[in-house]
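Position one of the sequence shown corresponds to residue 30 (the working numbering), numbered consecutively onward.
For the record, the hints were derived by calculation from the structure and aren't laboratory data. Keep in mind that the hints are not guaranteed to be accurate.
Stated by the list, open to error - Using 27 Å as the maximum straight-line C-alpha spacing, the simulated DSSO-like pairs for lysine-lysine come out as follows:
1) LYS190 x LYS50
2) LYS190 x LYS220
3) LYS40 x LYS50
4) LYS57 x LYS190
5) LYS196 x LYS57
6) LYS196 x LYS105
7) LYS220 x LYS196
8) LYS43 x LYS75
9) LYS75 x LYS64
10) LYS105 x LYS64
11) LYS43 x LYS64
12) LYS75 x LYS50
13) LYS43 x LYS57
14) LYS75 x LYS57
As the list claims (entries may be wrong) - Simulated DEER-style distance windows between Cβ atoms:
15) GLY113 x GLU68: 53 to 59 Å
16) LEU56 x ASP186: 20 to 26 Å
17) PRO199 x LYS64: 41 to 47 Å
18) ARG69 x SER94: 18 to 24 Å
19) LYS40 x CYS181: 33 to 39 Å
20) ARG69 x ILE176: 41 to 47 Å
21) LYS50 x LYS190: 21 to 27 Å
22) ARG93 x LYS40: 46 to 52 Å
23) GLN173 x ARG149: 15 to 21 Å
24) ALA104 x CYS181: 34 to 40 Å
25) PRO169 x GLU201: 34 to 40 Å
If you're wondering where the values come from, they're calculated on a predicted model, not measured in any experiment. Here a beta-carbon is modelled for each residue, glycine too, at the ideal position from N, C-alpha and C.
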Amino acid sequence: MAEKTDLRITKTLKAIRTAFKEMVLTLKPAEITVKELTERAAVNRKTFYLHYDSIEALYEEFIRSVADGFGRELAKTTVQFGAGAFNMPNINRVFFTYYSGDALAERLICNPHYRSYFNRVAALTLQRTLDEFNPYRHLPQAEQNIIFTFLCEASVDMFCKWVEDGKQIPPERVIEMTSELLMHGQLGFAKMAAK
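Using the sequences and the hints, build the whole thing.
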């Protein structure tokens, strides 16, 4: 009997999560309601509330799942570049590769209606990275904030521009370009482009 119950719960959660993902791909956050979600998932509202307190709880689950997946991919590469900097080419490669392979993650990052949710993903992944390695911990917190804002916002904005432009630049080239910009700024990119 427990196995049958577990299977039913698994099917219910899968239906809820699938309907939620489909809704995120097509609707604005304000349009995603428990009523609409349960109708699409073909589950009772009471059943939904057995598993989640609210739609926000479903977002939180999704955010943690995305952040955990990115963290697992990041753990497969070298984050540290000597003692004084992040290995931005490696981090940037993971960022572009991981997020460009998932339409739902792209929407979370690039759609302004969902950006606040992605900002929570970014905050989680940044904190996990800094817990392991922070090459700027010797600097005052205000200076660290500027550095991390630049690295995170620039990465996200370049990614979104690439997606918005229809990914016309091949992935390897956009990773090379954006890594150079993150590591050396526009002067470094100009030197690289002149080669």
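Each hint tested on the structure:
Restraint check: the Cα-Cα separation between LYS190 and LYS50 comes to about 23 Å, which is no more than 27 Å; the hinted pair holds. Of the supplied pair hints, the one linking LYS190 and LYS220 holds, its CA atoms being roughly 22 Å apart against a limit of 27 Å. Taking the CA atoms of LYS40 and LYS50, the gap is about 15 Å. The hint holds against a cut of 27 Å. Simply put, LYS57 and LYS190 have alpha-carbon atoms about 20 Å apart, close enough for the 27 Å limit, and the pair holds.
Distance check on the hinted pair: LYS196 and LYS57 sit about 23 Å apart at the alpha-carbon level, within 27 Å; holds. Taking the CA atoms of LYS196 and LYS105, the gap is near 25 Å; set against the 27 Å cutoff, the hint holds. Our distance criterion of 27 Å between C-alpha atoms is met by LYS220 and LYS196, whose separation comes to about 24 Å. With a CA separation close to 16 Å, the supplied pair LYS43 and LYS75 stays within the 27 Å bound.
Between LYS75 and LYS64 the alpha-carbon distance is near 11 Å, which keeps this suggested pair within the 27 Å criterion. At roughly 41 Å between alpha-carbon atoms, LYS105 and LYS64 are farther apart than 27 Å, so this suggested pair is violated. Pair hint LYS43 plus LYS64 holds up; C-alpha atoms about 17 Å apart against a cutoff of 27 Å. Using a Cα cut-off of 27 Å, the hinted pair LYS75 and LYS50 holds, with the two alpha carbons roughly 20 Å apart.
At most 27 Å may separate the alpha-carbon atoms for a hinted pair to count; LYS43 and LYS57 meet this at roughly 21 Å. Of the supplied pair hints, the one linking LYS75 and LYS57 holds, its CA atoms being roughly 24 Å apart against a limit of 27 Å. Between GLY113 and GLU68 the beta carbons are some 54 Å apart, a value that agrees with the proposed interval 53 to 59 Å. Checked against the given bound of 20 to 26 Å, the beta carbons of LEU56 and ASP186, roughly 24 Å apart, stay inside it.
Our hint of 41 to 47 Å for PRO199 and LYS64 holds, since their Cβ atoms are close to 44 Å apart. For the pair ARG69 and SER94, the beta carbons lie near 20 Å from each other, so the given range of 18 to 24 Å is met. Hint check: LYS40 to CYS181, Cβ distance near 38 Å, so the stated range 33 to 39 Å holds. Restraint check, ARG69 to ILE176: a C-beta distance of roughly 43 Å satisfies the suggested window 41 to 47 Å.
At about 24 Å, the CB distance of LYS50 to LYS190 agrees with the hint of 21 to 27 Å. Checked against the hint of 46 to 52 Å, the pair ARG93 and LYS40 fails, with Cβ atoms roughly 22 Å apart. Judged by the Cβ atoms, the range 15 to 21 Å given for GLN173 and ARG149 holds: they are separated by roughly 20 Å. Taken as a hint, the range 34 to 40 Å is violated for the pair ALA104 and CYS181, whose Cβ atoms sit roughly 19 Å apart.
For the hinted restraint 34 to 40 Å between PRO169 and GLU201, the CB-CB distance of approximately 37 Å keeps it satisfied.
Violated hints, listed in ascending order, are 10, 22, 24; each of the other numbered hints is respected by the structure.
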